[in-house]
Amino acid sequence: MTLRFADKLVFGLLFSAAFLLLISLLLFNYGEALAFYVLATTMLLSAAGMILVRDLIRSAFLLALCFLALGGLYVVLNAGFLAAAQILIYAGAVAILFVFGVMLTGRQHIPEHEFDFKFLTLIFVALGFFALLARGLWNGTWKLSAEPAQADLNTVAAIGERFFSQYLLPFEIASLILLMALIGAIVVARKEPDHERTA
Amino acid sequence: MNVLLEIGVQHYLVLATALFCIGLYGATTSRNLIKVLMSIELMLNAININFIAFSKYVTPEALSGQVFAIFIITVAAAEAGVGLAVVLAIYKHFKTVDISKIHLMKW
Numbered sequence: 001m002t003l004r005f006a007d008k009l010v011f012g013l014l015f016s017a018a019f020l021l022l023i024s025l026l027l028f029n030y031g032e033a034l035a036f037y038v039l040a041t042t043m044l045l046s047a048a049g050m051i052l053v054r055d056l057i058r059s060a061f062l063l064a065l066c067f068l069a070l071g072g073l074y075v076v077l078n079a080g081f082l083a084a085a086q087i088l089i090y091a092g093a094v095a096i097l098f099v100f101g102v103m104l105t106g107r108q109h110i111p112e113h114e115f116d117f118k119f120l121t122l123i124f125v126a127l128g129f130f131a132l133l134a135r136g137l138w139n140g141t142w143k144l145s146a147e148p149a150q151a152d153l154n155t156v157a158a159i160g161e162r163f164f165s166q167y168l169l170p171f172e173i174a175s176l177i178l179l180m181a182l183i184g185a186i187v188v189a190r191k192e193p194d195h196e197r198t199a
Numbered sequence: 001m002n003v004l005l006e007i008g009v010q011h012y013l014v015l016a017t018a019l020f021c022i023g024l025y026g027a028t029t030s031r032n033l034i035k036v037l038m039s040i041e042l043m044l045n046a047i048n049i050n051f052i053a054f055s056k057y058v059t060p061e062a063l064s065g066q067v068f069a070i071f072i073i074t075v076a077a078a079e080a081g082v083g084l085a086v087v088l089a090i091y092k093h094f095k096t097v098d099i100s101k102i103h104l105m106k107w
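Residue numbers (our numbering), protein chains in the order written: chain A, 1 to 199; chain B, 1 to 107.
FYI, nobody ran anything at the bench for these hints, they're computed from the structure. From a predicted model like this one, the values you see are computed outputs, not experimental measurements. Worth double-checking, as some hints may not be accurate.
[Stated by the list, open to error] Straight-line distance between alpha carbons at most 30 angstroms, and here's what the computed DSS-like set of lysine-lysine pairs gives:
no., chain 1, residue 1, chain 2, residue 2
1, A, K191, B, K92
2, B, K101, A, K118
3, B, K106, A, K8
4, B, K95, A, K118
5, B, K92, B, K106
6, B, K106, A, K191
7, A, K191, B, K95
8, B, K95, B, K106
9, B, K101, A, K191
[To be verified] If you want the footprint, here are the derived chain A segments under chain B, 3+ residues with CB under 8 angstroms:
no., region
10, 41–49
11, 62–71
12, 82–88
13, 123–130
14, 170–184
Note that the Cβ used here is the ideal one computed from N, Cα and C, for glycine as well.
Given only the sequences and the hints, what does the whole structure look like? Please build it.
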């Protein structure tokens, strides 16, 4: 792709405007807003790209990028432990699991839906659901806490205390669920031996 | 302008709604089983944003929202593992992951 001089000028102006906007946001002490908007834009764009891109491997890695940006949002939300868990579990384990799934199912080409009435209805449903919910949420009044949230990210100790006192039973059930999922996944996905198939 | 720069709980809720709707659109329109599973993961993550935003803005001391989010992450990881195992079993049986060609339980 060759760019004409006018295109270069337009792109240069756009980039410098965006740069000036970022710098001014930082200077006027809106670091939180800056972090929120950058991370939210990255997350939404990579999520939309994940849906729209044809190649499945690319969409798996865009999913990982989306999870990474989400981990950054958790840092903005004072949830340091969850940010670490998000990056370890989602961007590390689940995204790679999907990459393995894509590779094991042999990247066959599946044609997309044709642009018919049903397709249009689904777009309308998603957009309408978003408009309805977003309007209600934006105009709603929330019973927020009066004191400002604590700024430290060190929530690990507090979460651990809650896990072993108030939420002990759900914690144990969660470990049981993980064990069941592990055994179930192995049983469902393993290759059937020949002597079991004939029996 | 000030409403947009002072990040409150509404910003996170609208963001989570957008992510959820992207996931909903993907889960209903894609024809690949693996892409459907990925879209479901997006929807679960949108729920997590809600829990953690409420945990910061409504009950910053109790941390219940963060604990709930950890449980959701656990169940979502288990769901992804079992879901992919089911997809692999379906692929071994039908030799395809195209949803419109899997009609064993359709009539």
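Take the C-alpha atoms of K191 of chain A and K95 of chain B, compute the straight-line distance between them, and say whether it is at most 30 angstroms.
Roughly 15 angstroms between the alpha carbons, so the hint for K191 of chain A and K95 of chain B holds.
Exercise for review: Verify the proposed pairing of K106 of chain B with K191 of chain A, using a straight-line Cα cut of 30 angstroms.
Suggested key: holds, 26 angstroms
What's the verdict on K95 of chain B and K106 of chain B, does the C-alpha distance respect the 30 angstroms limit or exceed it? holds, 18 angstroms
Count residues of the region 82–88 of chain A with a Cβ under 8 angstroms from any Cβ of chain B, then say if the count reaches three. Check passed, 3 qualifying residues.
Checklist entry - Going straight from one Cα to the other, do K106 of chain B and K8 of chain A come out at no more than 30 angstroms? => result Answer violated: K106 of chain B to K8 of chain A is near 55 angstroms, above 30 angstroms.
Does the alpha-carbon distance linking K101 of chain B and K118 of chain A stay inside the 30 angstroms limit? holds, 18 angstroms
Holds or violated: the region 62–71 of chain A covered by chain B, criterion of 3 or more residues with Cβ-Cβ distance under 8 angstroms? With 4 residues in contact (Cβ-Cβ under 8 angstroms with chain B), the coverage given for the region 62–71 of chain A holds.
**Message:** Next pair to validate is K92 of chain B with K106 of chain B; report whether the Cα-Cα distance is within 30 angstroms.
**Reply:** holds, 19 angstroms
| said: Hinted pair, alpha-carbon criterion (30 angstroms max): K191 of chain A, K92 of chain B. Please report holds or violated. | reply: Roughly 9 angstroms between the alpha carbons, so the hint for K191 of chain A and K92 of chain B holds.
Report task. Take a quick look at whether K95 of chain B and K118 of chain A sit within 30 angstroms of each other, Cα to Cα. Result -> The hint holds at about 27 angstroms.
| said: Checking one constraint from the list: CA of K101 of chain B to CA of K191 of chain A, max 30 angstroms. Satisfied? | reply: holds, 23 angstroms
Taking 8 angstroms as the C-beta cutoff, is the stated coverage of the region 123–130 of chain A by chain B satisfied by three or more residues?
This one holds; 6 residues, not fewer than the three required, reach chain B with a Cβ under 8 angstroms.
In this structure, only the earlier hint numbered 3 is contradicted, and the remaining ones agree with it.
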